[in-house]
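Enquirer: Got chain L sorted already, so can you dock chains V, S and G onto it with the hints?
Protein chains: 4
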Amino acid sequence: MGMVGGGPGAFIGNVHRMAAALDGQIELVCGAFSSHATRSAEAGRQLFLPADRVYPDYETMIQTEKQLPVGQRMDFISIVTPNHLHFAPAKLALENGFDVVCDKPITFSTSEAVELVQLVNKTGRLFCLTHNYTGYPMVRQARAMVHSGVLGTVRKVVVEYPQGWLASRIEATGQKQAGWRTDPAQAGKAGCMGDIGTHAENLAEYITGLQIESVAADLTTFVEGRKLDDDGSVLLRFAGGAKGVLLASQISVGEENNLKIRVYGEKAGIEWNQTEPNTLLVKQADRPVEVYRTGGNGLSPEAMLATRLPAGHPEGYLEAFANLYKNFALACRKKAAGENPNIDFPTVEDGLRGMKFIDAVVASSFQNAAWVSV
Amino acid sequence: MGMVGGGPGAFIGNVHRMAAALDGQIELVCGAFSSHATRSAEAGRQLFLPADRVYPDYETMIQTEKQLPVGQRMDFISIVTPNHLHFAPAKLALENGFDVVCDKPITFSTSEAVELVQLVNKTGRLFCLTHNYTGYPMVRQARAMVHSGVLGTVRKVVVEYPQGWLASRIEATGQKQAGWRTDPAQAGKAGCMGDIGTHAENLAEYITGLQIESVAADLTTFVEGRKLDDDGSVLLRFAGGAKGVLLASQISVGEENNLKIRVYGEKAGIEWNQTEPNTLLVKQADRPVEVYRTGGNGLSPEAMLATRLPAGHPEGYLEAFANLYKNFALACRKKAAGENPNIDFPTVEDGLRGMKFIDAVVASSFQNAAWVSV
Amino acid sequence: MGMVGGGPGAFIGNVHRMAAALDGQIELVCGAFSSHATRSAEAGRQLFLPADRVYPDYETMIQTEKQLPVGQRMDFISIVTPNHLHFAPAKLALENGFDVVCDKPITFSTSEAVELVQLVNKTGRLFCLTHNYTGYPMVRQARAMVHSGVLGTVRKVVVEYPQGWLASRIEATGQKQAGWRTDPAQAGKAGCMGDIGTHAENLAEYITGLQIESVAADLTTFVEGRKLDDDGSVLLRFAGGAKGVLLASQISVGEENNLKIRVYGEKAGIEWNQTEPNTLLVKQADRPVEVYRTGGNGLSPEAMLATRLPAGHPEGYLEAFANLYKNFALACRKKAAGENPNIDFPTVEDGLRGMKFIDAVVASSFQNAAWVSV
Amino acid sequence: MGMVGGGPGAFIGNVHRMAAALDGQIELVCGAFSSHATRSAEAGRQLFLPADRVYPDYETMIQTEKQLPVGQRMDFISIVTPNHLHFAPAKLALENGFDVVCDKPITFSTSEAVELVQLVNKTGRLFCLTHNYTGYPMVRQARAMVHSGVLGTVRKVVVEYPQGWLASRIEATGQKQAGWRTDPAQAGKAGCMGDIGTHAENLAEYITGLQIESVAADLTTFVEGRKLDDDGSVLLRFAGGAKGVLLASQISVGEENNLKIRVYGEKAGIEWNQTEPNTLLVKQADRPVEVYRTGGNGLSPEAMLATRLPAGHPEGYLEAFANLYKNFALACRKKAAGENPNIDFPTVEDGLRGMKFIDAVVASSFQNAAWVSV
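Chains as they are written, first to last, in my numbering: chain L, 242 to 615; chain V, 242 to 615; chain S, 242 to 615; chain G, 242 to 615.
If you're looking for bench data, these hints aren't it; they were derived computationally from the structure. The structure displayed is predicted, hence computed values, not measured ones. Incorrect hints may appear among the rest.
No copy labels: a pair is met if it fits in one copy or bridges any two.
[To be verified] Calculated pairs, EDC-like style, for lysine to aspartate or glutamate (alpha carbon to alpha carbon, straight line, at most 20 angstroms):
#1 Lys501 - Glu512
#2 Lys468 - Glu543
#3 Lys468 - Glu283
#4 Lys508 - Glu465
#5 Lys501 - Glu517
#6 Lys430 - Asp600
#7 Lys575 - Glu512
Pulled out of the complex, with its shape left as it was, chain L reads as follows (with noise of 0.2 angstroms):
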């Protein structure tokens, strides 16, 4: 894996690093980590890689990577910076035979978007947008059950993203999380809806396995002097006549990062939380709610496969992070044999959704919560 961006100072960059060395299935052998070359350099020498194994620029490491021999040189790239930066080394490295993992809004714009989608259908090459809560074992859990009928036809989606940490206006302060998230520039066109809404649109899709039809959202920007969006409230309507509600939130006080989900249909409900991940409530019509626990009793493959410890030993982020990383491993050692690589991590095409999302919840906005079709 080489890597592009994640150099000091920055929050996602590691995260990559530690979820893809977790399973010892994956080596950090190159990486641009900086547009500055010595901070780049810098950061190589902390990751303990070889000086000549760490670039300028995103380039260099594609161009320099391609005349290393199969084995050796790279077998992907990881893209870790802000949005407006993913595109042209995801680009790049597809053009130039490299699998892509790249962490998400997958583009600054949907047409950037399209253009990979095209990109990887045209070149094969497998490519992983790290939407990654969806690598928890009860995500898993809960679409395999929503998926095998338990729930009955599905009627009502609740899904919602409050975090409190932009409440005050901290990207003034020069807080770096803070700046690019918060800058149209460097974000696109939302914030808090692209930053985290994102993230709730793909889960509720996901476990469902429905798609939203038409949203009709109210965005807002509370802190005063801000450009985009840090607070978002969204109606739903699924294909298939399903309903539902996202809500997405920066300024709310006090949560940590409480992206939650229920999922409603005929016969049963679903509830997953992710500050407490490990646990999965099932609620059915005529019987006391039932308590799935990561590793625990009567779990389906899905949710196995994602688990790496005994029930009771907790698995966290990283660990979910980490699934997406050992499931799209596996897929390219799958390709490289010539099977069908084919297995549970969230595409380009799950990208191209995430920035149609964007673009609808905006539009709709715009236009005083009317709606408009994603």
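Expert: Frame of chain L, contents of chains V, S and G only:
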């Protein structure tokens, strides 16, 4: 206290009786428990009432009791009939000099509610609408903290009220509670929104002290053959700029009665859940979340006044309900003593707010979730 | 009902009154509320009792009421005084033909308890000891599940009752509740163990149907200057081979009233916590943990009989307490009708068990936690 | 790092590998993964190790690696075998100049532990015992708060570790994990107490900074045919006067791995539960309970150093485990640089404490729960 309704098979009538009895301040002295005279008489016997204080209908009760001397006759009536039977007894009682406690929603139609407001103003009688959830000590604590500025300016309100008991068409089986709630002739123009959505609306306004200015509502009837909404999602805009979401559902399988509210201000957020009603989470931006508890440390006088037991002795639904009766009885006594009867309980004005809310969400939903003023 | 004790400043007297009133089956008709005649009279006035039914002492009350015709006189007495004042009024009431409700622990000394057992047997009167925690619907559910074999043979019981309110010497400040509980002359030979340890003991025996055979106890007085234990840990051995631990503490700072029990059998375990009393966790070996809820799915008749409200309408401490009064009132009526009055409520025998438990833990602690038979 | 043990079917070996890999500070370079040479070789292949660094036994590994130049050879060994196979490789490693990480309990017998302590002292090597639960950020926060005096003098400790996986005789089915843990020849003189009781003991001493002085233990073997204890309850007395209870059980059906500790001082109490490890409850006498959270507000430097992610991104068992490896690696580096390697991780002395604790509880239980000094 004289009761109208609450005969055999009723749920809420018995709740009112237990709530009124709890504190030893109110005595049930008469009633017209059913529109069937023999059922009313039978109910009276079971309640240990003398036969001559059990009436065949509310008209007889009001006219007869009026003839009795003060101190012996009932001091007020409590109306616990289905929605369409609130107005007439309330009106007659007010016109004949009796104070009134009435279950919610206040009336079948908004015009009736307007008339009751006028009548209360004209007669100077006391009127308590049993929006019982405002009786919980931790709800009063929440209101006190918002009002004292702990949260700063309120930005976001998320109030939800999911139930699951109407997920299938149990009204077709003869279930009495489901029957009248799903019948437009008895419930009014809204189903779920009238039955529990108004509780959510009232709670949000009670705690925040803010009025909902406009709504964009998507109501649904998920259960085939049902005539009224059994689920709804509503975007909220409050006077002053706060925003929010109100969810009410009776098809959320496995949910019991999970009224929950979160309010976020500039400086702090609060969270309360009726299912664990003795806990209030307070989330200030710069310190650990605090767990306020009924009877515990740090409480406001308003919360303490609503508390009967030391911390750790759970107070529940009936105790909260009884707080309305307790306050109402105290107000009656104050008024009788020529004092200002202004004590915290929901009034006829709150009832009218609820009716306007119902009108607005129904109108919005007919217009495909367009914004409608309340 | 006539009450002994429960005057100004009392906690438990008011609890008994609210519990007795809740279901409309019991009326407070007289009382001797204080050993000070004027205080007793004042309490009676506040309770709306006629002056001639408010007595200066329990002897006068019992003798006077006895002269009144049945139907007018009190049917039973309720004793809510400190421990050392339970025996005499209970004895006098039994001897004069009145049934008795008595707070716990039953008496000041075991010999008194033995005498009461004999007196109850001799007189044939009904005697209810208010081990109120057995009144919770989910405690009854727990007992029913143990008895029906869901757990298989019981192996392990962990029962704990931590409180924190006596972590400092508040009895020195004049706090009345703390005063008598820490005074050997009023509380008896045990402090914490008598006050709340007996609740834990009773709960464990009630749910499991097993008797504690022997104990090894380490009692401590942590607060300097205090004469009775304020904390204790007890190893338990039950008849039949089950083992366990009982913890009771009043110096566990920050704990409210967290009575909690876990019972593990060969096939399943259960867990119940008084702080969230409407939930019972059932943990079977081969399936997800199940969440049984008051008013919810899958309940036994015993639990349903103890329930007043639909699921999700929290029932609390007073409702549980009221279940003892309700059952007692029903038993009184059955007996009056010549029927078998055998209905679930704690009896004089449970009171004697509690006294023997106190004796055993105190004796064991004096012997450095040697095993002592109960 | 070179690993001893952890071949096919092992649980803890893989845990150690993931924990060591997580932070990119430690590389697995060699191993003797099984006492069967072919199984060891197979394990090495799956771990992408070169064949010449996979050894048939630990003696060969240590002797061979020793010949390699520093920088290329392993820096330390990690011992993940069953208990009876800890001592020999640890001894050999220490004697040959390698630092050691070793799973717990440290050895099969106390005399071996004494010898290891002496050897560590003599050789000056670093020795880390993986009492992994001390690696959780909130455990470090708890320790820091006790040490800084938030609780005042500690009075009471309740530590419990219930599991349910050995509630039936699964060792008879060939389950490998159950097999060696219930075999006195591999596990030592204690079953449950050695396997998980020592974790509880270590956690209690780590957080409080107090040593257990004496124990009164009641150990039981509930499952027929089993030779070692599968459940135990222990009264604790700490140096300085604090008291406590330690519960460990592997027959508590339905419990996963619920290590939990509560510590009460004069001024405050704390509560931590491994099942939800990112939360620490702090209960001060005069204010609402506070919820400290990994990555959240108000944390000590010790907690922050052990944290990788922002609040709300759950860190779990592996992250806590990795904190030991991270600190150990840092200590190795400090020592190599001639700096003081004193960094927080459990040491050989903690291992000896654990063995003495096992001795004491087993001895006490044989004497019918008499007090035995640790």
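Enquirer: All hints are to be evaluated individually against the structure, with a verdict given for each.
Expert: Against the structure, the hints come out as follows:
1. Lys501 - Glu512: both (7 angstroms within a copy, 15 angstroms between copies)
2. Lys468 - Glu543: Answer is neither: 41 angstroms inside a copy and 37 angstroms across each miss the 20 angstroms cutoff.
3. Lys468 - Glu283: neither (34 angstroms within a copy, 57 angstroms between copies)
4. Lys508 - Glu465: Between. Shortest inter-copy distance 14 angstroms satisfies the 20 angstroms Cα cut-off; intra-copy 45 angstroms does not.
5. Lys501 - Glu517: both (10 angstroms within a copy, 17 angstroms between copies)
6. Lys430 - Asp600: within (8 angstroms within a copy, 36 angstroms between copies)
7. Lys575 - Glu512: Cα proximity of lysine 575 and glutamate 512: none, with 34 angstroms in one copy and 47 angstroms across.
In summary, the numbered hints that this structure violates are 2, 3, 7.
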